Each structure stands twice: as C-alpha cells, then as structure tokens.
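Going down the list, the sequences are from chains A and B.
Quick note on numbering that gives the first Met the number 0: the first sequence kicks off at 0 and runs consecutively.
Quick note on numbering that gives the first Met the number 0: the second sequence kicks off at 0 and runs consecutively.
Keep in mind that the hints were calculated from the coordinates and are not lab data.
Among the clues, some could well be false.
Going by beta-carbon spacing under 8 Å, a handful of chain B positions derived as facing chain A [stated by the list, open to error]:
no. : residue
1   : Glu171
2   : Arg174
3   : Glu182
Quick list of the computed label-pair ranges, beta carbon to beta carbon [stated by the list, open to error]:
no. : chain 1 : residue 1 : chain 2 : residue 2 : range
4   : A       : Phe12     : B       : Ser95     : 24 to 30 Å
5   : B       : Ser95     : A       : Pro87     : 18 to 24 Å
6   : B       : Arg8      : A       : Leu167    : 43 to 49 Å
7   : B       : Leu180    : A       : Ala183    : 31 to 37 Å
8   : B       : Leu180    : A       : Leu280    : 49 to 55 Å
9   : A       : Lys73     : B       : Ile140    : 37 to 43 Å
10  : A       : Lys118    : B       : Ser95     : 37 to 43 Å
11  : A       : Pro20     : B       : Ser95     : 28 to 34 Å
In this text, all values refer to a predicted model and were calculated from it rather than measured experimentally.
Virtual Cβ for every residue (Gly too), placed ideally from N, Cα, C.
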Amino acid sequence: MGQIKLNQVSKSFGDVEVIPPLDLTIEDGEFTVFVGPSGCGKSTLLRLIAGLEDITSGHIDIDGTDATHVPPAKRGLAMVFQSYALYPHMSVRKNIAFPMKMAGVPAEEQQRRIEAAAKALNLTDYLDRRPGQLSGGQRQRVAIGRAIVREPSAFLFDEPLSNLDAALRVGMRLEISELHKRLATTMIYVTHDQVEAMTMADKIVVLRAGYIEQVGTPLELYYKPRNEFVAGFIGSPKMNLIKGPEAEARGAPTIGIRPEHFDVSTTEGAWEGTIGVAEHLGSDTFLHIHGVAGCDPMTVRVDGELSVKHGDRIFLTPQADKLHRFDAQGLRVE
Amino acid sequence: MARAVTRQRKIVNTALAWGIGFLIFFPILWTILTSFKTEAQAIADPPIFLGFNWTLANYEAVLERSNYGRFLWNSIIIAGGSTVLGILIAVPAAWSMAFVPGKRTKDILLWMLSTKMLPAVGVLYPIYLLCIQFGVLDSKIALVIILMLINLPIIVWMLYTYFREIPGEILEAARMDGASLREEVLYVLTPMAIPGIASTLLLNFILAWNEAFWTLNLTAAKAAPLTAFIASYSSPEGLFYAKLSAASTMAIAPILILGWFSQKQLVSGLTFGAVK
Chain A
0 MGQIKLNQVS KSFGDVEVIP PLDLTIEDGE FTVFVGPSGC GKSTLLRLIA
50 GLEDITSGHI DIDGTDATHV PPAKRGLAMV FQSYALYPHM SVRKNIAFPM
100 KMAGVPAEEQ QRRIEAAAKA LNLTDYLDRR PGQLSGGQRQ RVAIGRAIVR
150 EPSAFLFDEP LSNLDAALRV GMRLEISELH KRLATTMIYV THDQVEAMTM
200 ADKIVVLRAG YIEQVGTPLE LYYKPRNEFV AGFIGSPKMN LIKGPEAEAR
250 GAPTIGIRPE HFDVSTTEGA WEGTIGVAEH LGSDTFLHIH GVAGCDPMTV
300 RVDGELSVKH GDRIFLTPQA DKLHRFDAQG LRVE
Chain B
0 MARAVTRQRK IVNTALAWGI GFLIFFPILW TILTSFKTEA QAIADPPIFL
50 GFNWTLANYE AVLERSNYGR FLWNSIIIAG GSTVLGILIA VPAAWSMAFV
100 PGKRTKDILL WMLSTKMLPA VGVLYPIYLL CIQFGVLDSK IALVIILMLI
150 NLPIIVWMLY TYFREIPGEI LEAARMDGAS LREEVLYVLT PMAIPGIAST
200 LLLNFILAWN EAFWTLNLTA AKAAPLTAFI ASYSSPEGLF YAKLSAASTM
250 AIAPILILGW FSQKQLVSGL TFGAVK
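From just these sequences and the hints, can you work out the full model?
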C-alpha cells in the first residue's frame with residue numbers, strides 16, 4: 000500500500016509556472032529520489048504530494064484513490080523535514096507520540112510503538128529530553144521516529160541530511176536505507192546530492208526547472224543518460240563533455256566520457272595533455288588535465304595510486320565502448 | 000575588541016539611569032506621599048517632601064465614602080474580560096496573517112493600526128447612542144466589548160510578531176502528523192507562543208485597566224471601574240488633593256504590583272523581534 004500517481008500535475012506561484020504538467024508513478028515500496036540542482040522544483044513536487052501546497056492543475060492518486068483535495072493530515076503520509084521541525088516544547092517521547100495522539104491510538108499501543116521506535120533509532124536514553132538538548136543527528140532520528148510510528152503508506156524526506164556534517168550524513172544515509180529495506184514502505188526522498196541519489200534510490204527522478212529530465216534506476220542513469228544535463232549531473236566526478244573536431248571525429252556534435260573510462264599512460268595515447276592538479280587519495284588518483292580535446296580541464300580517475308604531479312605530460316585514450324554521444328539538442332544518440 | 004568601559008563612566012551612566020528612572024517614577028511617588036498627608040500639608044507652599052505627619056486618615060475617608068471593592072471588581076472584570084476576549088479573537092487572526100498571508104495582509108495590519116489614530120471622541124456620540132439602543136449603557140459587558148475592540152489592533156500586532164518567529168515547518172509537521180487546524184493551533188502553535196501570549200495578555204490588561212475615556216463616559220454607578228473612582232475625587236477647585244491621591248494610589252496599586260512582578264515578561268514582549 001503506497002502507490003503514488005501524479006497525472007498532469009502542475010504548480011504555479013502567481014504567473015510563474017514552477018512545475019509544468021507532469022506525469023509520474025511511484026510504485027508501492029519503491030525508494031524514489033527526486034534529484035536536481037537547487038530551484039529545480041523537487042521540494043515543491045514533494046510538497047504537492049504531501050498536500051502542503053495546492054496543485055494548480057492535474058490530480059494526485061494515492062493508493063488508487065484521488066487525493067488531490069485531501070488535506071495533508073488525511074493523506075496517510077509522513078514527512079521528515081530538512082529542519083527536523085520537532086516540537087520544541089515537547090519531550091522526545093511526546094514528539095514521537097504526537098501523530099499517534101492525533102490518530103487516537105490507544106495509550107498502551109502508543110507506548111509500545113514509542114519503545115520500538117526508540118530502540119530501533121537508539122533513542123531510548125533520550126526519551127525524556129527536549130529537542131533542544133539533542134545533537135543534530137539525534138534530532139533527525141527523532142524526526143524519523145515520529146514518522147515511523149504512524150505507520151504511513153509512504154515516507155517523504157525533504158533533504159533530511161543537509162543539516163548534518165559529512166560523517167554523520169554517511170551514517171544516517173545507511174540508516175535510512177536499512178529502514179527502507181526493513182519496512183519496505185514507499186519512500187520519496189528529495190536531495191540535491193547525486194551521491195545520496197545513486198546510493199539510496201531504487202528509482203531516480205532527475206528534475207530541472209520543473210521538468211523531469213529522466214526517470215530510471217541509478218545504473219540506467221549512469222550508463223544511459225538521456226541527455227547532456229543528466230550525463231553531467233549523475234556521476235562523480237562529472238562526465239567530461241567534449242565538443243568540436245574531436246567529437247565530430249567520433250560521430251556526434253558532443254561526446255561524453257566519464258573520468259573513470261580512460262586508459263591513462265605517461266608515454267603514449269590518443270590525446271596528450273598537462274596535469275594541472277593531481278589528487279592522491281590512495282584508493283584512487285584524480286587528475287585534472289589541461290590542453291586536451293577542447294575540454295578544459297578534463298577530469299580523469301585512475302584506480303589506485305599513479306605517481307604524477309603538476310606539470311607532468313600525460314596521455315589519455317578514451318575507451319571507445321564507454322563513449323556517450325549527444326546530438327545538437329543535447330539528446331542522447333545511440 | 001569590546002568597548003572599554005571605564006569605572007568612572009560606569010558610575011556616571013548608572014547615576015544618570017537612576018536619575019531618569021527617578022524622574023519618571025516621581026509623579027507616582029509624589030501621589031503616594033501626598034496620600035499620607037493632611038489636606039493642608041498636601042497643598043502647602045513650599046511643598047513638603049517627607050517631613051510631614053504620616054496619616055491614614057485619607058484612606059479611611061475614601062474607604063468610608065466609596066465602595067472601593069466594587070470599583071476594583073468592575074476594573075478586574077472589564078480589563079480581564081476585554082483581554083481574554085481579545086486574545087480569543089486575535090490568536091486565529093494573527094495565525095492567518097502570519098502563516099497564510101495574502102496580498103493585502105500588510106495593508107490590513109496597517110489599516111488596523113490606523114484605527115488607533117482616530118480620536119476616540121470622534122465616535123463617542125454614535126457609540127453612546129448604540130449603547131442606549133442596546134440598553135447596555137453603564138454595563139460591564141459594553142465596556143468589555145469596546146475596550147476589546149480598541150485594543151484588538153495592538154493584540155493582533157503583538158501576536159503576529161510573535162507567530163512570525165515560529166518556523167512554519169513546525170506547523171506543517173503538525174499537519175503531516177494528522178493534526179486538524181484546531182489541534183495545530185491548540186497543541187503546537189499556542190504552547191510555543193506562550194511567552195508571547197503572556198506578555199500580550201499583561202500589556203493589554205494594563206492598557207485596559209488604565210483606559211479612562213470610555214470607562215468614564217459610558218459608566219455611571221453600576222459598571223464604574225477604578226478610573227471613575229479616581230475621577231470622583233477630583234474637583235474643579237482642587238481642594239482634596241490628599242484624598243484624590245489616596246484614591247489614585249488605591250486604583251493603581253494592583254496594576255503596579257502586577258507590573259512589578261511581570262517586568263521581565265513585559266520588556267521581552269515589547270522588544271520581541273527587535274533584540275535577539
């Protein structure tokens with residue numbers, strides 16, 4: 000239970016159309032990530048699904064019933080906000096109990112679910128504290144706990160990790176992924192971080208300026224980006240996009256090659272360039288190379304350590320079967 | 000670098016602050032002192048500051064002549080009633096202005112405030128006639144409603160300022176958690192705004208307590224509050240300064256004590272949003 004279907008849903012603020020009519024189906028139990036640069040409409044889309052914003056046209060079906068005019072409280076969805084949005088005047092216990100109190104869940108059942116959620120989220124020792132006395136990561140756990148206990152048909156996450164520091168973010172990312180595996184409930188997750196999208200999603204929806212650029216599994220997006228925008232947005236470091244004679248020689252106005260798809264040599268290769276910056280991580284070496292094929296700098300990833308430094312000459316050969324070709328409109332050509 | 004404050008400067012500043020404070024408080028102090036003098040000492044020239052025979056005669060006289068308890072009761076009902084009624088109306092109003100503002104919300108707020116600039120006497124006649132029409136002249140209910148209406152713009156403004164400081168996401172979270180609008184206001188917004196609502200209550204209570212124009216003009220005997228009690232001791236000839244002072248002291252004492260204990264709330268309420 001938790002299929003969400005958007006039919007020709009659009010949203011305008013005054014005269015500004017932030018989301019042109021779009022169709023999208025989120026299957027029951029799926030972990031869907033909305034990803035895109037800031038201002039692409041991903042949060043707005045989530046808020047439309049939540050019911051916190053009214054849609055301008057179209058309709059939204061949740062579990063097969065039209066929920067377009069159903070208030071957020073009655074949609075059976077739970078949301079985790081970027082700012083956590085905990086109730087500062089209530090203890091952790093009361094925060095988690097709040098949705099159950101609203102739903103009229105019997106006190107004993109409330110107690111049972113609070114204990115279970117607190118145990119799962121490592122909050123047992125903090126149940127009687129106020130949100131103000133917790134760290135960022137703990138607050139986020141409380142927000143998730145508050146969402147879990149109402150047993151919603153889908154979870155909505157609005158950039159839930161962006162207020163956390165990098166180390167904590169990786170940990171919470173795993174916790175949320177595990178939570179999804181355990182509950183098998185539909186989750187919609189908004190982020191601008193393509194790493195979060197790639198690592199967590201069953202299905203990624205890439206948005207730009209309110210338009211859906213592509214929908215697919217992480218690897219579909221990685222191997223077959225539908226256009227230059229998706230190609231540049233998915234994958235880290237970014238795909239190198241090359242225009243001009245080198246591209247035309249390979250049969251398209253623009254070609255794309257991911258940093259990890261080069262054969263690198265210090266003696267011979269198709270293209271020759273000079274190293275601007277070499278980043279040695281031990282596990283990988285990232286090279287930023289100048290003077291190659293009209294793409295400056297060209298980013299290259301080499302497995303393991305490669306002893307080169309700034310100013311060294313380097314030769315690159317793109318792996319022919321890993322090339323992406325785009326036409327003059329930026330669309331993928333097979 | 001913090002600004003260096005020399006010891007000397009600190010002494011001067013402190014003395015100055017106390018001096019200004021004393022100046023502001025002086026009329027009240029003088030009223031209280033005068034209430035313990037005899038009528039002759041009260042009008043003595045040059046005025047006597049402390050060297051007089053302290054007497055409670057004025058209080059005895061005032062209590063004997065007037066029913067202080069009844070005036071006090073009327074004041075409490077009128078100030079309290081108008082405040083509570085005002086808050087009940089202002090909370091939803093401020094909620095909608097703060098969280099679902101429309102294109103004209105700012106204009107409405109300013110327009111509401113502009114009604115405070117209308118001289119009250121301008122509408123005295125129509126309101127007086129309305130009171131007669133509805134048979135509520137010299138009744139507490141009329142004053143409760145009128146004082147509520149004239150203070151409502153201030154209550155809405157104060158609550159609006161408070162509510163604006165509450166992050167909208169928390170209210171949205173409540174909505175997602177299944178709270179109806181009523182539950183959202185009751186369980187989330189109001190508890191979070193308690194300090195704001197408390198200082199609004201206090202300030203409005205004081206304003207209503209001190210209100211003298213409508214309370215004097217629309218009451219006679221039955222509903223007269225403490226303002227009327229004071230007024231009944233002022234005479235054009237100014238012969239009863241000491242008794243007038245005693246009556247004034249008794250009228251302001253409750254609110255003075257209330258103000259003393261709630262200073263912190265009041266100051267934070269009035270400067271809310273201005274200083275963090």
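Open item on the list: The hint says 24 to 30 Å between Phe12 of chain A and Ser95 of chain B; measuring C-beta to C-beta, is that right?
Closed with: Hint violated: Cβ distance 19 Å, outside 24 to 30 Å.
TODO: Starting from the hint 37 to 43 Å, judge whether the C-beta atoms of Lys118 of chain A and Ser95 of chain B obey it.
DONE: The hinted range 37 to 43 Å holds for Lys118 of chain A and Ser95 of chain B, with Cβ atoms some 41 Å apart.
TODO: May I ask you to test the interface hint for Glu171 of chain B with respect to chain A, counting a Cβ-Cβ separation under 8 Å as satisfied?
DONE: 5 Å, holds
Open item on the list: The hint says 28 to 34 Å between Pro20 of chain A and Ser95 of chain B; measuring C-beta to C-beta, is that right?
Closed with: 31 Å, holds
Open item on the list: Let's test the interface hint: is any C-beta of chain A closer than 8 Å to that of Glu182 of chain B?
Closed with: 6 Å, holds
Task: Given hint Arg174 of chain B near chain A, where the shortest CB pair must fall under 8 Å - done: 5 Å, holds
Open item on the list: Range first: 31 to 37 Å. Now tell me if the beta carbons of Leu180 of chain B and Ala183 of chain A are that far apart.
Closed with: Hint holds: Cβ distance 33 Å, inside 31 to 37 Å.
- [ ] Determine whether the Cβ-Cβ distance between Arg8 of chain B and Leu167 of chain A falls within the hinted range of 43 to 49 Å.
- [x] This hint holds: roughly 48 Å between Cβ atoms.
- [ ] For Lys73 of chain A and Ile140 of chain B, compare the CB-CB distance with the range 37 to 43 Å and indicate the outcome.
- [x] 41 Å, holds
Open item on the list: Please check whether Ser95 of chain B and Pro87 of chain A have a Cβ separation lying inside 18 to 24 Å.
Closed with: 22 Å, holds
Task: Leu180 of chain B paired with Leu280 of chain A, Cβ distance criterion 49 to 55 Å - done: The hinted range 49 to 55 Å holds for Leu180 of chain B and Leu280 of chain A, with Cβ atoms some 53 Å apart.
Hint violations for this structure: number 4 only, all remaining hints satisfied.
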